[in-house]
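Number of protein chains: 2
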Amino acid sequence: MSTAGEDYVLLEEPSLTQVANFINAFKKTRVLVLYLNCEVLYKGRASSKLSPGDRLLITKPDGSLLIHEKTKREPVNWQPPGCILHAQVKGNMLVIRSIRLRPREEILVLSPHVHVLLAAPCTQGEFRLWGSEGEMIELVMKNPSLIEPGLKPLKREHLTPHGKIDLLCEDSKGNIVVLEFKRSTAQLSGVSQLKRYVDYMKKVYGDKCRGILVAPNITSSAKSLLAEYGLEYRRLSPPSRTGILKRTTP
Amino acid sequence: MSTAGEDYVLLEEPSLTQVANFINAFKKTRVLVLYLNCEVLYKGRASSKLSPGDRLLITKPDGSLLIHEKTKREPVNWQPPGCILHAQVKGNMLVIRSIRLRPREEILVLSPHVHVLLAAPCTQGEFRLWGSEGEMIELVMKNPSLIEPGLKPLKREHLTPHGKIDLLCEDSKGNIVVLEFKRSTAQLSGVSQLKRYVDYMKKVYGDKCRGILVAPNITSSAKSLLAEYGLEYRRLSPPSRTGILKRTTP
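Read top to bottom, the protein sequences are chains A and B. Sequential numbering from -10 applies to the first sequence in our numbering. Sequential numbering from -10 applies to the second sequence in our numbering.
It should be emphasised that the hints constitute simulated quantities derived from the structure, not laboratory data. Any given hint could be a false lead.
Any copy will do: because identical chains look the same in the list, a pair fits if it lies in one copy or spans two.
[As the list claims (entries may be wrong)] In the EDC-like style, the derived pairs of lysine to aspartate or glutamate whose C-alpha atoms are separated by at most 16 Å in a straight line are:
#: 1; residue 1: 192; residue 2: 51
#: 2; residue 1: 61; residue 2: 51
#: 3; residue 1: 141; residue 2: 127
#: 4; residue 1: 79; residue 2: 28
#: 5; residue 1: 192; residue 2: 217
#: 6; residue 1: 162; residue 2: 63
#: 7; residue 1: 144; residue 2: 63
#: 8; residue 1: 17; residue 2: 51
#: 9; residue 1: 61; residue 2: 115
#: 10; residue 1: 191; residue 2: 95
Work the whole structure out from these sequences, hints included.
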């Protein structure tokens, strides 16, 4: 065992009992990384079984659990924050159980051998994002003529029974205009979403209503569906902070 | 440095040059886990900046990159498979760069200090999933009366310009029936998706067309939108393998 000034703990080839005790003691304060041989069973909205092998298991103080294999961006098994973690040794096996209550979902990790355990006090840093949909909406609220001359923003995040409208406007002819923003390529689902809002607004406020999908790009199938529905498209990219990588690179 | 039979490598408090060399040598064959102090810059579809702090960085042989903090199931920054990774030391900083070519996205990790580096030869295990949408569709194809008496399956995964229809059927009165399956609670977006398919089928084959959303559950807003569109709902849960966790627990 070794402890540094940063207060992390690293165990190499620990016993299963050591690991179980360690998980239960530190699961609420540290990010725990286990490199272990294990099989994984899941039961909840579906069921799955992962055959034995060496993989990474990560648990976080908020109850998240991730199991990563050799490839893919996504973990092969996972639990969201709010789950209850417990470890114990049964016979020759370390049994790690993560339970989600609603909906009920359970991950069971069975491990005959843990190679490495790292208890890492991780930061929750300040994360700043530019170029989000929120920033696109703000940009249009300040410069509505980016969409068309004479457009007047009325309300942001207008709640309907069929979802939240990004930005509600009025055009120069007195029509209500529903704007739906996508920060990357707009898809069929975005068209359907906009259609849902426009249908609702027409039902409530009458036919003087238009819908515009605002995105830096659109698929051809989404574009033709949009035309079919009598809805519109405006190309707009999220505002950029060019040079952010250059400025700060040493 | 320590190497076990499983051929993993663990470096504690390595020098930055050691880490850079190690990353470049093993990035294509091992899962690398770094517990390090770093800040992270991202530029692509949006831009972001993550303030300095201690976190986990994971790279995989397929080019995926994940940066995890103290909380959340999702990494704070990430790249998908297919990215190009490179590490070097500039001055007193370890600079790890991950580049995605299309769309162009870049993550830059700047680290003054690496606490731990683990090179882990992870498995790609056999993952078996039960209770998926695919299994629901198979269940209905074999037992169409679960939906309604006299229903006859025609075609699975029927492609339209507006997306793929899960299962196309014909009812006892000769209507075309579009079935859309969800393995968990059906939402507004599922209703819109079904509406899109039904609208298309009506346009092509005429008005003798119905749409049914099949799911174990549905939100109240989705249910009322469904009714408004004249579409239907059938409750059906994915087939379960009960006892899978019990059977295998030691």
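Evaluated hints:
1. 192 with 51: neither (44 Å within a copy, 50 Å between copies)
2. 61 with 51: between (23 Å within a copy, 7 Å between copies)
3. 141 with 127: Cα proximity of residue 141 and residue 127: one copy only (13 Å, versus 51 Å across).
4. 79 with 28: within (15 Å within a copy, 41 Å between copies)
5. 192 with 217: Result: close only across copies, 11 Å inter versus 19 Å intra.
6. 162 with 63: neither (48 Å within a copy, 45 Å between copies)
7. 144 with 63: neither (37 Å within a copy, 31 Å between copies)
8. 17 with 51: Within one copy, since 7 Å is at most 16 Å while 32 Å is not.
9. 61 with 115: between (27 Å within a copy, 14 Å between copies)
10. 191 with 95: Classified as neither; 45 Å inside a copy, 43 Å across copies.
In summary, the numbered hints that this structure violates are 1, 6, 7, 10.
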